[in-house]
Structure formats: C-alpha cells, structure tokens
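Enquirer: Listed here are the chains, written in short residue letters.
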Amino acid sequence: MLTRRIIPCLDVKAGRVVKGVSFVNHRDAGNPVELAAIYNQEGADELVFYDITASSDERQIMVDVVEQTARQVFIPLTVGGGIRTTDDMYRMLRAGADKVSINTAAVMNPQMIEDGARRFGSQCIVLSIDARRVPTGADEHDQASPPQWRVFTHTGANPRPTGLDAVEWARRGVELGAGEIVLNSMDADGQQTGYDLELLRTISDVVEVPVIASGGVGSPDDMYRGLIDGHADAVLAASIFHFRTYTIPQVKAYLAERGVPVRRVEGATA
Amino acid sequence: MITVLNYGAGNLPNVVRALEHVGAQVLVTEVPEVVREATSLVLPGVGATRDTMQSLQRLGLTEVIAQVVARGRPFLGICVGMQVLCTESEEFGNHSCLGLVPGVVRRFPGGQKVPQIGWNQVQYAESMRSHPLFAHIPSGSEFYFVHSYYCDVADPSLVAGQTTYGLPFPSVLIRDQLIATQFHPEKSGTCGLQLLRNFVLLSEQ
Chain E
0 MLTRRIIPCL DVKAGRVVKG VSFVNHRDAG NPVELAAIYN QEGADELVFY DITASSDERQ
60 IMVDVVEQTA RQVFIPLTVG GGIRTTDDMY RMLRAGADKV SINTAAVMNP QMIEDGARRF
120 GSQCIVLSID ARRVPTGADE HDQASPPQWR VFTHTGANPR PTGLDAVEWA RRGVELGAGE
180 IVLNSMDADG QQTGYDLELL RTISDVVEVP VIASGGVGSP DDMYRGLIDG HADAVLAASI
240 FHFRTYTIPQ VKAYLAERGV PVRRVEGATA
Chain P
0 MITVLNYGAG NLPNVVRALE HVGAQVLVTE VPEVVREATS LVLPGVGATR DTMQSLQRLG
60 LTEVIAQVVA RGRPFLGICV GMQVLCTESE EFGNHSCLGL VPGVVRRFPG GQKVPQIGWN
120 QVQYAESMRS HPLFAHIPSG SEFYFVHSYY CDVADPSLVA GQTTYGLPFP SVLIRDQLIA
180 TQFHPEKSGT CGLQLLRNFV LLSEQ
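Sequences listed follow chains E and P, in order. For the first sequence, numbering that gives the first Met the number 0 assigns the number 0 to the initial residue and increments by one for each residue that follows. For the second sequence, numbering that gives the first Met the number 0 assigns the number 0 to the initial residue and increments by one for each residue that follows.
Next up, chain P with everything else stripped away, as it sits in the complex:
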C-alpha cells in the first residue's frame, strides 16, 4: 500500500492515476495519525515551496513526514515535494522547509527561459547506476520537468541523477529509502511509469 499525501497539490490525481496504472494500491490521506503509520509515502507537488510548507504545517504533517523518513520507510517526493525536503528556500523570500536534506532551493539563473518546461535528460551518478529505482531505464533518458527553482544540496553523494539547464542541478536524490525527483514521473511517459513501478516494487520489499 502506497500512501499519497493529500495536502492540496494540483498533481495529486495524476500521481494517483499513474501509481494505480503500475499496479499500486493507493491510500490518499491528510490525517497525520494515518500518515505516521504509512509503510511507503509519496509527497506530490506543484507550485511554490512556501504554499506547500504552509499547507503541510496547517495540516500538522511536517513532523510525521520526518518520522516516516526517519523510520526508513520508502519515501518519494515529486517536484515541489522534493524541494521542501531542503533546509530552506529562496522562493518568494527566504523561508524554512522540512530540513530533511541539507540544501537550499534556488532560482535558475537568468539568460534562459524560466520556468524550465519540457523533457530533459537525467544522467545517473556512477555509484547509483544499478540502483533498483533506475531498473530498466537507461541513464540519459528524458523526463518531464516544470520548475523555476532547483535544489542546491550540500552533500553531493545524495545526487543520484543530474540534469543540466543553464547549470547542472540534482534531478534525483537518494539517501537510503528517501527518494526525490525534480521531474514529474507521473507525466514522463514510459520512463516515468517505469520509475514509479520501480518505486512500488522497492516499497513492497
């Protein structure tokens, strides 16, 4: 059973559809007591880190997310669901985020179109090539991105996938069972569905 956090993220229905499509049983909830018991948790997201943090705080979810991650339960953060894992964000004025991954959410440099919208390649870190999350997806495959900010993480060993848009930025983070993608796997066609399938398999272990 995959628990998907329902805090008002616009892409929630499409994340649920994609997970169901790859055979997952999905529980959608915003109840902290239920989230705390999740054996596998997905944090979807679109929009801004500030709004997302405010919603999570209002629903009393920030601590239980940290608890689920601390227990080593499989966790997948998507797009803004990845960014809020960082320590802080520069979007609409500096503010704190969940602080589960040391790092800062920064805006892309100018001189190019912002937001980045479209399909871009994800190159796996050498040490992560055989990670089960990437099974049957070659390094360099394209995934669908929509974002103006990226995670500037302090520990480069967490960067499992990297993408370039004006500068190289982390597009996949992995630390034990904590996984996050800057792209939208639920909108990334065959590769995205495979990645979700891999996450579901990894959750069932």
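Chain E on its own, in the form it takes in the complex:
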C-alpha cells in the first residue's frame, strides 16, 4: 500500500536555515545539509528546501547546498523559491533536486508550468498555491453560499491578491503539467490549529495528482485530519519539527496507531 508522506520544510537564506531549529546539539543548527541528514535518519519521506534569498547573487549558494545535500541524503528533495525560468529549474535539478516548486512565477507566467513539464517531465514540477478563504456571509434566505478561496502571491509581508479562484487554478495547473500540488492555507498558516480541511478536500477531490497539505499544523492529530478528512496525500510541516514539539517518528507512530499507512524507519525511535 502506498504510504502517506511526512515532509519537513526548511527555509534557507543565503545557505543558512532560518526560523531557528532548536533541537540540534553539538551540531551546526543553521546548516541545511546537516539538518537534511538528521531528518533523513529520522524517517522523513522527502525534504523541501525553500530559498528565501532575495538577491540573485546568493542563488548560487542554494545550488551548492542542494548539491552537497544530494551527495549525502538519498531521498526526494524539492527546491522552491526564486525559480522564475526553466533554466532556473534546470540548475536545481542538475544540482540534485528531484522536483522544483513554483508559485508566484507560475501565476505570472502559467506557460512556465507547461514548459517545465515538457522539458523535465511533470514529476519534476510542483505547483505551490497560497490560498485565502473569501469571507462569505449567509444570503437573505440564510443559505450559506459554498466556500471560495482566492490565490495570493508574494506571501509573507505583502501578499498580493490575484483574483484567481484557488480550485480553478489548481485544475489549470494540473492541465498544464504540474505533477503535484502543495496547498498552503494562508488563514491557517502559523496558527497551529490545523489545516483548512475544506480547502484541502475540495482541491484534492478535483485534481488527479497528489496534493500536499501545508500551513497550520500544531499536532500529529492535525496531520491525521489533513490526510483523512482533508484527503491529502502528504503533509508538509516546518515549526513543529524544527522546534521539536513533535518528532517525525512520533508523528508516524501516531498515524500508524490510527491505521494510516506510513513508512517506519529502523532505528528511528519515537
């Protein structure tokens, strides 16, 4: 049976992990290569590096980080952030990334999804979507209208609305060749109260490709609900792993006890 994937995400700036990782003793806690190796030992099913470097000069550092990681860690590696052209994709894939994740650049130029999929295969192209729920009140008949979500770009300090409907954008992205979708709820992100399950389920049920839940995880139960109620194929998380609130083996033990198929790694104890 296909297992559900647990994916830690590391934000990297100029070759260093930001948003502190608190658990690493006697090691370089800011070194993405070492952290990747640790998460790999613990049974991470994939890794995501998200490059938040602003300047293009520093992008080469990310290429080096990817290359060093790929020499030591033999599980799938996705790189996102700052990828604007298929040549940017090529540099990361050549360095050892298995997939590239695109977000703002895909909204600006959807053709990029198709070009990337043609050149490297759909399995390399992950469409990352940041979505926010549109406030909908009940109408005059007290009938709640169906929920809607809109796509935003440049999320962080200054998110920009695109007007795109998130469900439509997901569908279109897959038509263009995206092989997976990472779905981030901006409403849930940082709240640690769980994924937006309705958003997840709505999109997971309309696209044929796997959907990875992101944004809002505070506990293993949130992940369980994302996988079961949200119909997600994989879950991505940052803080709860970095701050050691829960370890990957703990999350997997929790899921396994509830009948969710997960990959258990020998020697990684909860």
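Check the hints yourself; a few may be wrong.
Label-pair restraints from in silico Cβ distances [said to hold, decoys possible]: (1) His94(P) / Glu265(E): 18 to 28 Å; (2) Ala65(P) / Met0(E): 30 to 40 Å; (3) Gln24(P) / Asp56(E): 47 to 57 Å; (4) Gly7(P) / Gly162(E): 34 to 44 Å; (5) Gln24(P) / Ile227(E): 40 to 50 Å; (6) Glu197(E) / Gly109(P): 41 to 51 Å; (7) Ser144(E) / Glu89(P): 36 to 46 Å; (8) Glu174(E) / His94(P): 19 to 29 Å; (9) Gly165(P) / Glu197(E): 21 to 31 Å; (10) Pro131(P) / Glu197(E): 27 to 37 Å; (11) Glu89(P) / Ile227(E): 32 to 42 Å; (12) His94(P) / Pro134(E): 43 to 53 Å.
Residues from chain P shown here face chain E by an in silico Cβ test under 10 Å; the list is partial [claimed, not checked]: (13) Asp50; (14) Pro114; (15) Gln115.
These are computed hints drawn from the structure, not numbers from a lab. In this text, all values refer to a predicted model and were calculated from it rather than measured experimentally. All residues carry an ideal CB built from backbone N, CA and C; glycine is no exception.
Given the structure of chain E, go ahead and fit chain P onto it with the hints provided.
Expert: The following block gives chain P in isolation, referenced to the frame of chain E:
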C-alpha cells in the same frame, strides 16, 4: 566499473551519486562502442517511454543495450529504464519499445491519484527471496515510486518483486543478469542504497 547510460535522463546525476556513494566506480557515456563493451550497465530514467525510446534510437543505443543484455552482463533498468525493456507502451499512443521483456506498458486504472508518488512496499516472489539483489533488505520494505504507467509482463516468473497500487504490478523484474526496478533505488534511502550496493557486488562477481 559500472557504465551508466547517458541519454538525457533527468535522474542520471542522482543515480551516479548514489552508485558512487556505495563505492562503485562509474563511467557515464552515450557512445555505442563504449556501451557495447560495458561489463555492467545501468539504464536510468524518468519521464515518458516515447521520449526515452526516441533518445535511445537517436543515439544509436537500442541495439547495443540488447547486445549487453544478450551477453549476460549485469544490467539494471530504473523506472522508465525498466518500462522501455517491454515490447510496447500505451503511453501517448502505442509504440514499440526495446522488446527485451515480453509485455506491455499500461496506465494505472483511474479512481485513484495518478501518478503514484511516494513510498510503497515491495513483496518478493517466494523463489526470489534469497536473490543476492535483495540481500539485507527484508521483503515488504518501502521504496520510492513516481510513475503513471507500469509493466504488464507476459511471463510471471520474471516478477521478482510486486507492489500494489490499485492493482498488483511488477516492481522488480529479474531474468538471469537482467534486473529492473519500477522504483527509484537512488531515492529510496537506506533500502535503495543497499539494493544498489547489492547490484554493484553482483556486477563484480
């Protein structure tokens, strides 16, 4: 020395890194005359069978691959490198493949996510449990898969490992020295590295 076929497959660098990591000396080439002399050959692959076949044909590699296999040299096909061994593929319209393993490359049935992406268990055939390729890797271990198509092989005795995704499909084929995996050993963590190490050992015999 392990020869890795360089025909433009996206996972080539990662296959080479993983082989080097387990101690192999690797030669990367696309020159037919060099491939013909390979004592052990790896055919990596991602993407579509049609593109892969076209690349192999353009580089004049289809016959030498068959020659290396016919000579009984250890051979490892990975993912699409496994699928192109079949007789034909239904991907993007029917087309012929290498025909080294009778069988058809078919798309997974609907009603589930396609592609299959992630870690899935490989169950060994009873008769293959003690095969040196599987040394130190228990049956039922998980490997990393990314694919929308699978090999529907005509001869069930070639199926050394089986995996289920909507239906049971061959995840490892073995016929003498010809070996193929639908999963990516180079991305399957400890188990994948062990499998590559086993292949390297088997190549050195």
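Enquirer: Just to be sure I understand the hint, the distance between the Cβ atoms of histidine 94(P) and glutamate 265(E) should be within 18 to 28 Å; is that true here?
Expert: violated (42 Å)
Enquirer: Given a hint of 36 to 46 Å, does the C-beta separation of serine 144(E) and glutamate 89(P) actually sit inside it?
Expert: Given about 43 Å between the Cβ atoms, the range holds.
Enquirer: For the hint on aspartate 50(P), does the least C-beta distance to chain E fall short of 10 Å?
Expert: holds (8 Å)
Enquirer: Taking the CB of glycine 165(P) and the CB of glutamate 197(E), does the distance hold inside 21 to 31 Å?
Expert: Check passed, 27 Å falls within 21 to 31 Å.
Enquirer: Tell me if the beta carbons of glutamate 89(P) and isoleucine 227(E) are separated by a distance inside 32 to 42 Å.
Expert: Holds, at about 34 Å.
Enquirer: Looking only at beta-carbon atoms, does the pair glutamine 24(P), aspartate 56(E) fall within the given range of 47 to 57 Å?
Expert: Given range 47 to 57 Å: violated, Cβ gap about 37 Å.
Enquirer: Is it true that the C-beta distance of glutamate 197(E) to glycine 109(P) lies inside 41 to 51 Å, as the hint says?
Expert: At 24 Å between Cβs, range violated.
Enquirer: Starting from the range 27 to 37 Å, see whether the pair proline 131(P) and glutamate 197(E) falls in it by beta-carbon distance.
Expert: violated (51 Å)
Enquirer: Given a hinted range of 19 to 29 Å, is it respected by the beta-carbon distance of glutamate 174(E) and histidine 94(P)?
Expert: holds (24 Å)
Enquirer: Let's test the interface hint: is any C-beta of chain E closer than 10 Å to that of glutamine 115(P)?
Expert: holds (6 Å)
Enquirer: Should the interface hint for proline 114(P) be scored as holding, given a Cβ-Cβ cut-off of 10 Å against chain E?
Expert: At 6 Å from the nearest chain E Cβ, proline 114(P) passes the 10 Å test, so the hint holds.
Enquirer: Using the Cβ atoms, figure out if alanine 65(P) sits within 30 to 40 Å of methionine 0(E).
Expert: Cβ of alanine 65(P) to Cβ of methionine 0(E): about 36 Å, so the range 30 to 40 Å holds.
When the structure is compared with the earlier hints, violations turn up for hints 1, 3, 6, 10 and for no others.
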